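Q: This is what each chain is made of:
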Amino acid sequence: MTDYWLSKMFFDLQNPAAAAEYRADREKVLARYLLSDEARRRVCDNDVAFLSKRTNPYLLRYFFFAAGMKDEEFIRKLRNG
Amino acid sequence: MASLVGAYAASHGPLLVREWEALPQDQKQRLQGAFEQLGQRIAAARPDVLIVVSPDHWSNFFLDNVPAVCIGVGETNDGPPEPWMKGFPHQEIPGHPALALHIVAEAMKQGFEPSVSHRLKLDHGVCIPLWRMGLERLPRIVPMLLNSIEPPLPSLSRCVAWGRQLASAVRSFPSEQRVAILATGGLSHSIGEPTMGAIYEDFDRETIRLFSSSERDLVSYLEENLPTHGNGSEEVRNWLVAHGAAGGRGFELVDYLPVPKVIVGCGFAAWRFAA
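Taken in order, these protein sequences are the chains called A and B. Position 19 (the first sequence) corresponds to 19 in my numbering; numbering is contiguous. Position 2 (the second sequence) corresponds to 1002 in my numbering; numbering is contiguous.
Worth flagging that the hints you see were computed from the coordinates, not collected in a lab. Computed from a prediction, not measured in an experiment: that's the story for all the values here.
Cut-off 27 Å, straight-line C-alpha distance, at most; resulting in silico cross-link-like pairs (DSSO-like, lysine-lysine):
1) K53(A) with K8(A)
2) K1086(B) with K70(A)
3) K1028(B) with K70(A)
4) K70(A) with K1261(B)
5) K8(A) with K1086(B)
Covered by chain B, according to a simulated footprint, are these stretches of chain A (three or more residues, beta-carbon under 8 Å):
6) 6-14
7) 50-63
8) 74-81
Ideal placement from N, C-alpha and C gives every residue a C-beta, glycine not left out.
Model the full structure from these sequences, guided by the hints.
A: Next up, the structure:
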């Protein structure tokens, strides 16, 4: 099931300035989106496997790339939860 | 009347830029050689306009509105928005509104309903092949963004039909323009899903083989196998558009190379056109 607001945040964070703001003040950026408590928590936990079921896989990759996660770790989390 | 002077295809994975310097030397040389060969063929065909068929990688469209097909009809489009594409030498890329609008109008007459955009951001899908090909003179670009990213995706048969429609529209355009088609993307890769990093070489080689077989066999094979061979492989739709434009004939593999470092089965092809 697609989570619109989660996807919207991932989409917006493709912008380098927005991504930099996210890395500097994550809470401030998260507050702009109507995320459920669970989605918000899973984002903070870098729960790749959970988030992967709620957004487009390309957006998921862009988000974690923008957040600074290396591909190797991203793939490991995708596979192993 | 305008003429269709060539159709080409090339992979466009982001790591072809981001990991370029880290590629093994032999693979880098082979990839560069394939891109350059396509660039030389395009230069030799002397197109005034290049129709580039690519997905939109969330650069223009979001879940609010995801068109199956969008034709760029503007005077100008923007270069790639991705920060790691900042070395691409064009910040703005001239379009060809008259041809693009003619393509849209002819499509509408024939029961195709593309959306249009008067200004698109041309992301890495369009720009990596143009960059790596090293074209000295960039033709005007008419972008055709075809959704292979967010389901529902256009059917494979529809993509072939779109190619035929494009060719027909080009040939009825009342101006002496030389037009070529460049399909980008594929072959197999997997992005943001548990199989990310997988390259399905057997799938790629069979797909390549079938481009020289019957269209029915090609589409049938892809319909059966695309769902289990990586979401990025869906971009082969763009190749089907080029194939349709070439009348389903004349496919020629320029090179194929699975490149784990860029997590893509990298394919390069051209279609021979009768003189």
